[in-house]
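A.B. asks: Line order of the protein sequences matches chains U and V. Sequential numbering of the first sequence, starting at 1, is according to my numbering. Sequential numbering of the second sequence, starting at 1, is according to my numbering.
Because the hints were derived from the structure by calculation, they are not lab data. From a predicted model like this one, the values you see are computed outputs, not experimental measurements. Backbone N, C-alpha and C fix where the C-beta goes; we use that ideal spot for every residue, glycine too. Do not rely on the hints blindly, as some may be mistaken.
Said to hold, decoys possible - Computed list of chain V residues with no C-beta within reach of chain U, every gap over 10 Å: (1) THR48; (2) GLU56; (3) MET103; (4) PRO118; (5) GLY119.
Stated by the list, open to error - To give a feel for the contact side, a few chain V residues facing chain U, derived at Cβ under 10 Å: (6) GLU23; (7) LEU26; (8) GLY41; (9) ALA53; (10) LEU99; (11) GLY134.
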Amino acid sequence: MLFSSRCGWSRPGPSRGIGPAPVPDTAAIMHMGPDLLVTLHGELDDRTVESIERDLTSEVARTHSRGALIDVSALDVVDSFAARVLARLVRMIRMLGAEAAIVGIRPAVAITLVELGVSMADVTTALNAEQGMARLRRMRADGSVRGGHDSHG
Amino acid sequence: MTATVENPPADLLAVTTVTIEGESDLLRVRSTVRAYARQAGLGLTATTKVVTAGSELARNILRYATGGQGVAHIEEAASGQRRGVQDVFADPGPGIADLDQAMRSGFSTAGSLGLGLPGSRRLVDEFSIDSAPGRGTRVAICQWDR
Chain U
1 MLFSSRCGWS RPGPSRGIGP APVPDTAAIM HMGPDLLVTL HGELDDRTVE SIERDLTSEV
61 ARTHSRGALI DVSALDVVDS FAARVLARLV RMIRMLGAEA AIVGIRPAVA ITLVELGVSM
121 ADVTTALNAE QGMARLRRMR ADGSVRGGHD SHG
Chain V
1 MTATVENPPA DLLAVTTVTI EGESDLLRVR STVRAYARQA GLGLTATTKV VTAGSELARN
61 ILRYATGGQG VAHIEEAASG QRRGVQDVFA DPGPGIADLD QAMRSGFSTA GSLGLGLPGS
121 RRLVDEFSID SAPGRGTRVA ICQWDR
């Protein structure tokens, strides 16, 4: 039997896991011309993800940014909560009238999110920050022709 | 003479128990599961999946268990030539009344996406759940190196 009864709620002597609690990282927001770039790294706890959401949305509004890239290439885990907040963040930034994209999702993270059942279908993504930047510019060009930016993803 | 092995893996205990009672414990669960997965020689994708599943199940405890409290037991698993990581997430209550419903994608009693249990099951090689009202919930998962 694989899942032996050795494991149970009443097991004594709980520890605190491996090493000290990882310190949640925050993210710095960089200005690149009319766009913002935020790079997430380290272990993100729920509160940190939500504070990044607030900070980036405020910064887009404050600086009248045209677009924002959220670089997740340094994250080795994105669970359903983080993915949901990131997708919500992209929608919020669009609502402000700017473009937004998530860039640098690692292959293992992409596989995991798809199997988990998280849909990022309505979220613009790109392989890396460079391609994401090109994507933002292209969306702006299309948007100025069509007079909107919801016409494609 | 001293051994010449570079970066010898840190020896992990047979079982590590992480008490789950706050958000920072999610990070502890992730880093602990990752350490055991590495020790067992799991590949990157298998490791990412089992760490993510652990994060989902630990969050379930914070969200649904009485007082948001429970424990995660993380240990190395072995079966023949295979090595893996086995995690048990247990909480004392209130338990799940309708397991079939809880295992269905899209069902949630907390306004979330309802991906936690069915999603976690898809991420790992083995998944079992035991729960009943008043008896708490115990979810066991296992991920193998091949």
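A.B. asks: Tell me, which hint numbers fail for this structure?
C.D. replies: As far as the earlier hints go, 1, 2, 4, 5, 8, 10, 11 are violated by this structure, in ascending order.
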